[in-house]
Amino acid sequence: MKSRRAVAPLLAATGLLLAACGGQNGARSDVKQQASAPITIWVDDTRTKPAQEYAAAHPELKATVKSVDNTHGNIPAQIALAVKAGKDVPDAVFLSYPDELANMLVNPVNYALPLDGVVGSDVLDGFAKGSTAACTFDGKTYCLPNDLAQTVLYYDKPLFAKFGYSVPKTFDEWLALGLRVGKEHPGYSLGSVNSRYGLNGYYGSSGCAFNQSSSPTTVTIDVKSPACTRVDDVIGPLLANKTLSKLDPFDAAYTPIVKNDKLLATISPAWMGDYGIKPTSPKKGRWAVAPMPTWKGAATNASGTAGGGIWVVSAKSKNKAAAAKFATGMATDPKVQAASSGYPAYTADADIWLKQVAKDDWYAEDPSAVYRDAAGKISPTLGFVRFQVQAEDAFNATVLKSGGHDIGAALEKFGEQLTKAAQSASYSVKGD
Amino acid sequence: MAPLSSSAVRSRSRSQARGGTRSQARSRFRSRTAGVSFVLPYLAALVLFGLVPTVYGIATSFSVTPVIGNSYTSLTENYSAVLSDYRTLRAAKNVGSYLLIWLPSMLVIVFAIALAMDARRTRFAALTRFVSYVPGAVTGAASALLWLFMFSPAASPASAILRPFAGDSGTVISDGSLPVILSVMGIAAGAGGWIVLLYGALTDISRDVLEAAELDGAGAWHVVWHIKLPMLRSYIGFIFIVSLANGFQVFVEPQVLGAGARGQVDSTWSLNQLVFSYATGESNYGRASALSVLLLIVTVTAAVIVIKKTRFYSKDAA
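Protein chains in written order, with my numbering: chain D, 10 to 441; chain V, 26 to 343.
In isolation and in its complexed conformation, chain D is listed as follows (with noise of 0.2 Å):
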């Protein structure tokens, strides 16, 4: 009983003991490069077997791949402690939560390399239209996009065409179709707002800042800006009418919508698909994919994001052109690409992978175009911060717990708490 409260400050406990075995963390240095030494490289479950095979298709590289745990927070946690003990790092890693990198840029962990003059603008041009903006910080790139998380407006054709329904266009369509749906079909879903998906998800694709930030410390958060209000205006009619709902899209008590075919329509990550609904509702030719809806008084629709991977290469690697080269490689290589859990972020892989999902008749159309116009369309207010989990948290505790009573004050709410919670991570705020 007295042990595993006491797993924390153990595991703390620890983690500074090593770090009292090893130097100070302070400037960095320059490693000496040596053009012949191996490489490690981290990645998660999911990229294990690619990279295994490249490393094997590669093996000039001399690369070995180590499968890593992968929790939101662990792997700069890791790297940091490394760094005091004074041990390795790995060369290059796979993020499967790019506000990571974020930490990755800072003290103590201080381990991304700038990639623009190691990699090439060739290469960083071939990723999709402003994918690599999030990760340029001070005019520096330090990340490659492996897959995009895109938002996109997934529905259920059959049950739009029963109902009698149109696939909305704008935002104010979409507001007016819950509207509809709370009236006439109530217990049907247009999915979840839960943390990023409504976060992300809705107010990114709105262009609403909370995590815009391209330096390591300093971050615009601007909520009371229309592009912010504008969607307090949609979501909390429809989260008061439950149309929208507070769980997440992988709660037990979620997936029962999706199971029985409740769940109309949503506006979630390109991955949703394949990860989401597929497992819960198998039947082919139900799903169809659209264009993000308009916001009201923007020119073009956008999206949010949620979740992709980004490559981030060690600026204390003794061999830097391996390691951006294994990063390069696994961001961008056709056949690496082909087989990619999400959708590629390099364009011309995306295109080989799309002619796949084309085929897949489990949607009810072709999807591809729909996806490849979103890739380029990813808001450029969404940043990486050192703040996400809290950003969330706050969210939570705030807009989604409103339940769409007053959700303009519990939006300034959420703003105050973003404040306090960059700040905490050392952050000047612009903006609000």
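Where hints are given, some of them may not hold.
BS3-like, lysine-lysine: derived pairs with alpha carbons at most 30 Å apart [as the list claims (entries may be wrong)]:
{"id": "1", "chain 1": "V", "residue 1": "Lys334", "chain 2": "D", "residue 2": "Lys410"}
{"id": "2", "chain 1": "V", "residue 1": "Lys118", "chain 2": "D", "residue 2": "Lys422"}
{"id": "3", "chain 1": "D", "residue 1": "Lys429", "chain 2": "V", "residue 2": "Lys118"}
To be clear, the hints were calculated from the coordinates, so they are not data collected in a lab. The structure presented is a predicted model; accordingly, all values stated were derived computationally and were not measured.
Position chain V relative to chain D; hints supplied.
Just chain V now, kept in the frame of chain D:
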């Protein structure tokens, strides 16, 4: 049993004080080395895993690492950052309301069941003792996982009971309901052991005392209130200290419940989760240490107060 052993110790020390023969000196030496060798492994573990990390933690709590630039030493900066963090007060309130519900209800339940078992020492009492002890076998993360299902109206065998408590989205687990949920879990997992302990202590109360009370005309309630409860004071104090220290550091349960009921529980619901967030999510060892040191101060202070109030060590002095 305790008075017997202490009198034995006393008589031996008397004989040692009197005697000065060689065999006595040898036996004294032997008993001393035996004592030391018994304590040594614990001492080594205490130093390695208790004192050294504590001292290192205190030292780290004065080291500030800015996001950019070199580390420096400050006596107050980490502490003021931790105390002014908007999450600290919230987590303290969460843990406080959990302790307020859990500790009194567990002490009452444990004492009541132990008394009932003591009053009727039948086979049924033995069964009660066993049944109440069994849930304690499932602890930690496994217990949290088990309760995660128990508290999911969609999956729980007790879903009919849970339904009225479910929020509008159909979940029971939330920031607000967690103190009650953790209390139920804590009592289920922890009460059995304490019941066995208190029952043992109750059977240890001398028959003479109870018979004397009966002759003086004390009713059952008087016996409980004026004899059994005072005689168990140090045991209850012990249960209180251990439970307070454990409850104050609650971590695994909200962590696992929060991971299961995604987006329903604050990731820094308890103070120890906030320490964990500082140490792993935010890589800020200075603040993690500062908050840990503050937690240590609070639990040690509480322990000292309870020890003084219950005259915890008074039995040895008597």
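How the hints compare with the structure:
1. In summary, the hint linking Lys334(V) to Lys410(D) is not supported, as the alpha carbons are separated by about 43 Å, beyond the 30 Å threshold.
2. A threshold of 30 Å between alpha carbons decides the hint, and for Lys118(V) with Lys422(D) the separation of about 19 Å falls inside it, so the pair holds.
3. Restraint check: the Cα-Cα separation between Lys429(D) and Lys118(V) comes to about 19 Å, which is no more than 30 Å; the hinted pair holds.
Figure legend: structure checked against the earlier numbered hints; the only hint not met is number 1.
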